[in-house]
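Asks: Please model the entire structure based on the sequences and the hints provided.
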Amino acid sequence: MKNKRFLTTIQAFTLILSLVFMASAASASQKVKGTVTALFKDGSVCQVASGMMARDKVCPEGVDKKVESAIMVDGNDCNIKPEKDQTVILKIKGLGKTTGEIIAVVKDELTNDDLEKVSEKGSLILWKNGNTGEIFLIKTKKPVTPEKGAQIKMILKKKVTRVEGC
784 MKNKRFLTTI
794 QAFTLILSLV
804 FMASAASASQ
814 KVKGTVTALF
824 KDGSVCQVAS
834 GMMARDKVCP
844 EGVDKKVESA
854 IMVDGNDCNI
864 KPEKDQTVIL
874 KIKGLGKTTG
884 EIIAVVKDEL
894 TNDDLEKVSE
904 KGSLILWKNG
914 NTGEIFLIKT
924 KKPVTPEKGA
934 QIKMILKKKV
944 TRVEGC
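Under my numbering, the residue at position 107 of the sequence shown is numbered 890, and the numbers go up by one with no gaps.
Take the hints with a grain of salt, since some may be wrong.
The calculated DMTMM-like cross-link candidates involving lysine to aspartate or glutamate, where the alpha carbons are at most 20 Å apart (straight line), are [as the list claims (entries may be wrong)]:
id: 1; residue 1: K900; residue 2: E866
id: 2; residue 1: K816; residue 2: D857
id: 3; residue 1: K849; residue 2: E899
id: 4; residue 1: K925; residue 2: D825
id: 5; residue 1: K814; residue 2: E899
id: 6; residue 1: K880; residue 2: E844
id: 7; residue 1: K922; residue 2: E851
id: 8; residue 1: K864; residue 2: E892
id: 9; residue 1: K814; residue 2: D857
id: 10; residue 1: K864; residue 2: D825
id: 11; residue 1: K824; residue 2: E866
id: 12; residue 1: K816; residue 2: E917
id: 13; residue 1: K922; residue 2: D857
id: 14; residue 1: K874; residue 2: D857
id: 15; residue 1: K940; residue 2: E917
id: 16; residue 1: K925; residue 2: E844
id: 17; residue 1: K814; residue 2: D868
id: 18; residue 1: K931; residue 2: E866
id: 19; residue 1: K890; residue 2: E866
id: 20; residue 1: K900; residue 2: D825
id: 21; residue 1: K874; residue 2: E930
id: 22; residue 1: K848; residue 2: E884
If you are wondering where the hints come from, they were derived from the structure by calculation, not from laboratory data. Treat the numbers as computed from the prediction; the structure is a model and nothing was measured.
Replies: Put into structure tokens, the structure is as follows:
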């Protein structure tokens, strides 16, 4: 009888541990909502960014990059801290899902390295964090053309590192 009870206790403990790990894995992403405020076709990255940051000098002198389409998004107040090269999923109301990559987090001004990662193909989304005023440059793999006022949900995937035991 003791052996049966012991096995039941181990099974219960295993079940509890698996539920705890599943709950922590489910919280491995952060969601933020935003609204499209403007769309630009064949525009300049520096021109769009300076409009968002309300400053004249956002890019280094003599350096600029053209893009096929640029989308300005005003994000809700959020406490997210995205990193460069982090993958995001964008859910655009009426258009579905698309994936992208954060190529820069701009606090003061764009650098040459940030502008080199901008490609002419695809769309560039400039997401303004309403809380801190930072701008996240997000490069999408395929062109996206939402309407002005469309709702966008950005889901940040956290980089998960696994450590194996001995």
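Asks: Take a quick look at whether K864 and E892 sit within 20 Å of each other, Cα to Cα.
Replies: holds, 18 Å
Asks: Does the structure keep K874 and E930 at a Cα separation of 20 Å or less?
Replies: holds, 14 Å
Asks: Could you grab the alpha-carbon distance between K925 and D825 and see if it respects the 20 Å cut-off?
Replies: holds, 15 Å
Asks: K931 and E866 were given as a pair; does the straight-line alpha-carbon distance stay at or below 20 Å?
Replies: violated, 27 Å
Asks: Run the distance test for K848 versus E884: straight-line Cα separation, threshold 20 Å.
Replies: holds, 18 Å
Asks: For K824 and E866, compute the direct alpha-carbon distance and say whether it is at most 20 Å.
Replies: violated, 27 Å
Asks: Between K816 and D857, is the straight-line Cα distance small enough, at 20 Å or below?
Replies: holds, 9 Å
Asks: Given the proposed pairing of K880 with E844, does the C-alpha separation stay at or below 20 Å?
Replies: violated, 36 Å
Asks: Taking only the CA atoms, is the gap from K816 to E917 under or equal to 20 Å?
Replies: Given pair K816, E917 holds - Cα atoms ~15 Å apart, limit 20 Å.
Asks: Hey, K814 versus D857, does the alpha-carbon distance stay inside 20 Å?
Replies: It holds: about 14 Å lies between the C-alpha atoms, which stays within 20 Å.
Asks: CA of K874 to CA of D857, is that 20 Å or under?
Replies: holds, 15 Å
Asks: Straight-line Cα separation of K922 and E851 no greater than 20 Å?
Replies: Holds, at about 11 Å.
Consistency note: the structure conflicts with the earlier hints numbered 5, 6, 10, 11, 16, 18.
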